[in-house]
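Sequences listed follow chains E and A, in order.
So the first sequence is numbered by this note's numbering: it starts at 1 and just counts up by one.
So the second sequence is numbered by this note's numbering: it starts at 125 and just counts up by one.
Please keep in mind that the hints were generated in silico from the structure rather than gathered at the bench.
Here are a few chain A residues that face chain E, going by a calculated C-beta distance under 7 Å:
{"#": "1", "residue": "Ile126"}
{"#": "2", "residue": "Ile140"}
{"#": "3", "residue": "Asn147"}
{"#": "4", "residue": "Ile149"}
{"#": "5", "residue": "Leu152"}
{"#": "6", "residue": "Ile195"}
{"#": "7", "residue": "Arg196"}
{"#": "8", "residue": "Ile197"}
{"#": "9", "residue": "Thr203"}
{"#": "10", "residue": "Leu205"}
{"#": "11", "residue": "Leu218"}
{"#": "12", "residue": "Cys223"}
{"#": "13", "residue": "Phe224"}
{"#": "14", "residue": "Arg226"}
{"#": "15", "residue": "Lys227"}
{"#": "16", "residue": "Leu233"}
All C-beta atoms, glycine included, are put in the ideal place defined by N, C-alpha and C.
Protein chains: 2
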Amino acid sequence: MIELDFDKGNGLLPAIVQDYETNDILMLAYMNRQSWLKTLETGKATYWSRSRNTLWVKGETSGNVQLVREIRIDCDADTILLKVEQVGGAACHLGYKSCFHRKLSDGKLKIVEERIFNPEEVYK
Amino acid sequence: MIELDFDKGNGLLPAIVQDYETNDILMLAYMNRQSWLKTLETGKATYWSRSRNTLWVKGETSGNVQLVREIRIDCDADTILLKVEQVGGAACHLGYKSCFHRKLSDGKLKIVEERIFNPEEVYK
Numbered sequence: 001m002i003e004l005d006f007d008k009g010n011g012l013l014p015a016i017v018q019d020y021e022t023n024d025i026l027m028l029a030y031m032n033r034q035s036w037l038k039t040l041e042t043g044k045a046t047y048w049s050r051s052r053n054t055l056w057v058k059g060e061t062s063g064n065v066q067l068v069r070e071i072r073i074d075c076d077a078d079t080i081l082l083k084v085e086q087v088g089g090a091a092c093h094l095g096y097k098s099c100f101h102r103k104l105s106d107g108k109l110k111i112v113e114e115r116i117f118n119p120e121e122v123y124k
Numbered sequence: 125m126i127e128l129d130f131d132k133g134n135g136l137l138p139a140i141v142q143d144y145e146t147n148d149i150l151m152l153a154y155m156n157r158q159s160w161l162k163t164l165e166t167g168k169a170t171y172w173s174r175s176r177n178t179l180w181v182k183g184e185t186s187g188n189v190q191l192v193r194e195i196r197i198d199c200d201a202d203t204i205l206l207k208v209e210q211v212g213g214a215a216c217h218l219g220y221k222s223c224f225h226r227k228l229s230d231g232k233l234k235i236v237e238e239r240i241f242n243p244e245e246v247y248k
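If we strip away everything but chain E, and leave its shape as in the complex, we get (with noise of 0.2 Å):
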C-alpha cells in the first residue's frame, strides 16, 4: 500500500481531476485518507467536501459520477491526480464540462464553454 503525505495539508490533499481521452481539466477537489482509500475501493471519485464537511461521492446528486480510469500521484506524495470517465460528460455543478470555463482575458473572466445541463433542472 502506498502511503500519501495527508499530514502535510492537516489532513486533506488536493485531487486534480483530468479527462482521461481529452486531459482536459475537469475540477479539483480535496481527499482525506478516507475518501482516499473509498475512491480506491469503489473505483469512483470520493472526495471530502470543505464546506459540508463531509465525504462526497461526486455524482451523488446528479448522477455525474466519476469513473477512475487512472491514478497518479506527485514526487511529493501530496498531490493526486485522478484520470476519469466523467459521465454525464458535465463535471461543475453550473453545468458545464469543466469547472475551469472560464478564461482570463483582457483583465476579466470569459466562459468559453458551452453549458451542458441546467443546473436548476438537475439541482431541484
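Use these hints to put chain A onto chain E, whose structure you have.
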C-alpha cells in the same frame, strides 16, 4: 481586476500547471496574492514556496521557467489553472517532464516517464 478567494486557503490557493500544447499536467504549486500578481505582471509562473516560505519564480535555479500562455479560474474562484510553455521541457525537480510521473499500478507506484535531465547536474 478579478478577485480570487485567497481567504479560502488561508492566503494560499492551489495552481494546477498544464502544458499548453499537450494538456499534460506538469505540477501543482501554491500562490498567494503576491505571487499571483507577479505572475500576471511578468508572464512567468511565480509561486509561494510552502517549504521555504518565500516567493518562488519557477525555474530561477534550473532555468526551466514557465511562460504563461493562458489562465483559467474555476467556478469558486479558489483554484488557478495555468497553461504554460515549459522551458527546458521538464517541470519536476527530479528531472521528469511532470511531477506526476508515477502511476498507481497494482497497489504500487511505477515511473512511466523518461528522465529529461539529471538533477545532480542542474542543482549544484
